[in-house]
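Student: Letter by letter, the chains look like this.
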Amino acid sequence: MGLSHCRVRGLLMLRLQKLTKTYKTGDQALKAIDLEVPKGQVLALIGPSGAGKSTMIRCINRLVEPTSGAVMLDDTDLTKLGPGALRRARREMGMIFQEYALVERLTVMENVLSGRLGYVGFWRSFLRRYPQSDVDEAFRLLDRVGLLHMADKRADELSGGQRQRVGICRALIQNPKLLLVDEPTASLDPKTSRQIMRLITELCRERGLAAIINIHDVALAQMFVPRIVGLRFGEIVFDGVPVALTPEKLTEIYGEEDWEATIEAVDDDEDVEAAQ
Amino acid sequence: MPVLEKDGAQIWRRHTLREKLVRWFGWLLGLLVFAICWQIISESTTWFFVWDAPRIANDIWTRATPPRWEYITQLGRPIWDTLNIATLGTIIALFLAVPVAFLAARNTTPSALFIRPVALLIIVSTRSINSLIWALLLIAIIGPGVFAGVIAIAIRSIGFCAKLLYEAIEEIDHTQVEAITATGASRWQVMAYGIVPQILPAFAGIAVFRWDINIRESTVLGLVGAGGIGLQLSSSLNVLAWPQVSLILLVILAAVVISEWVSAKVRGAII
Chain A
1 MGLSHCRVRG
11 LLMLRLQKLT
21 KTYKTGDQAL
31 KAIDLEVPKG
41 QVLALIGPSG
51 AGKSTMIRCI
61 NRLVEPTSGA
71 VMLDDTDLTK
81 LGPGALRRAR
91 REMGMIFQEY
101 ALVERLTVME
111 NVLSGRLGYV
121 GFWRSFLRRY
131 PQSDVDEAFR
141 LLDRVGLLHM
151 ADKRADELSG
161 GQRQRVGICR
171 ALIQNPKLLL
181 VDEPTASLDP
191 KTSRQIMRLI
201 TELCRERGLA
211 AIINIHDVAL
221 AQMFVPRIVG
231 LRFGEIVFDG
241 VPVALTPEKL
251 TEIYGEEDWE
261 ATIEAVDDDE
271 DVEAAQ
Chain B
1 MPVLEKDGAQ
11 IWRRHTLREK
21 LVRWFGWLLG
31 LLVFAICWQI
41 ISESTTWFFV
51 WDAPRIANDI
61 WTRATPPRWE
71 YITQLGRPIW
81 DTLNIATLGT
91 IIALFLAVPV
101 AFLAARNTTP
111 SALFIRPVAL
121 LIIVSTRSIN
131 SLIWALLLIA
141 IIGPGVFAGV
151 IAIAIRSIGF
161 CAKLLYEAIE
171 EIDHTQVEAI
181 TATGASRWQV
191 MAYGIVPQIL
201 PAFAGIAVFR
211 WDINIRESTV
221 LGLVGAGGIG
231 LQLSSSLNVL
241 AWPQVSLILL
251 VILAAVVISE
261 WVSAKVRGAI
271 I
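Chains as they are written, first to last, in the numbering used here: chain A, 1 to 276; chain B, 1 to 271.
For reference, chain A alone in the conformation it holds in the complex:
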């Protein structure tokens, strides 16, 4: 489904097949989700709270174990991997979190370098003796997001927007194929939210990265992301380009509400062109 209107065409990189997650409590968070993400495509996952957005991206890198179904990353079924192979597969998937999830008491540099943990041995990481190439890359990334001067600061001294930038660097230094982004802007003010969304989508384009971005803010998703998938009660109820997201479709995803204002806000914005 959905591939016909993807803007970026290319090789398939991620495919979810009948992905299902049922929690112990009996809640069915995902009901046989089928989704295909081509190489280099950024897609936004929207839907009400509890629709299964977070569960879905956590099932991809198995922070949450799926109950059944397959997650194909290129040609590997991630759900079948043993612990060692899973760790190697996780290196290919960078993750960005809602509350940044930085290790608060470590410095910015340590946080960025922690993205390389899957590549270095325990003692090297424990003693903070990362390969020089990793350190170089960390400095390059911090420079790219404008935080080079903060490298030595402790993570808890940073503002929300700055922390999220560090989170982005940590995900990118993994040199991933795919970014899993969980509500990157939910804890940020509107201006910073836009900057962060712009940064993530720009970086994806620069590096040809595919990304799945969970996002509450429909207008923000429409502004920056070429493909939107709507989730409701663990099922995909919409998959298409931003302009196809009409008030009727939003009602289908979120329930009855006046959606005109949400959509107009996007049309007025020049960011739409910038993103496309």
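Treat the hints loosely; a few may be bogus.
[What the hints assert, rightly or not] Computed from the model, here is a short list of chain A residues facing chain B with C-beta under 7 Å:
| id | residue |
| --- | --- |
| 1 | R91 |
| 2 | S114 |
| 3 | R124 |
These are computed hints drawn from the structure, not numbers from a lab.
Where is the CB? At the ideal position from N, CA and C, for every residue including glycine.
Please build the complex by placing chain B on the supplied structure of chain A, with the hints as guidance.
Tutor: For chain B alone, kept in the frame of chain A given last:
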């Protein structure tokens, strides 16, 4: 329901009538128990000794003052032993408490069914027995002296440190652990990056807190022959050398005040 309706107006009260009665009865019962206990204690008290107490206390006070200052030359070594017992005991306890805490914490234990209960048992059993009793046992096993004192303090402290530490481990922010796991880090790396930085302040606080307590506890270990200043205290008490006793108490007070000050400084610096 505390919300009642009366003459068409809604009235809100903190307790319903029933709750009020229950509370009133509870208080009555409490007072009754207190009165009965008072009577039992009073019956088994030899009041003559109690009425006599101020005179005796005054008598001891006059005998104990002034302290015998020249005795201090013999107290340097014992107080040094006491400090060493406390410090070494605390260090050994911390080394043993860290693995126990990780095995006991719900979110890090390898098996909640088998290993966690064992870890909890270690915590409870070491904590529940006073260090004086540990010392008595250890003296029987390894003979009297400072070493028995060190081990007694260490064993007694394992449970305390492990309990506070495993509670700190259970309260960490889980998303930081998730984030480190998502990078493909190994189990040990997740521990070193996701968990350890979060519990480090708690660990430092527990360490100095326990060291502070152990200085107090190690002052009495000598009473049973496990080294330190308590030995001088007990021999002075036995020969009724009250001026020496008062000096020893002053020295202990000084040591405790200093340890208090050090631990406050350390805690302030780390947290």
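Student: Looking at the structure, which of the earlier hints fail to hold?
Tutor: Per hint list: single violation, 3.
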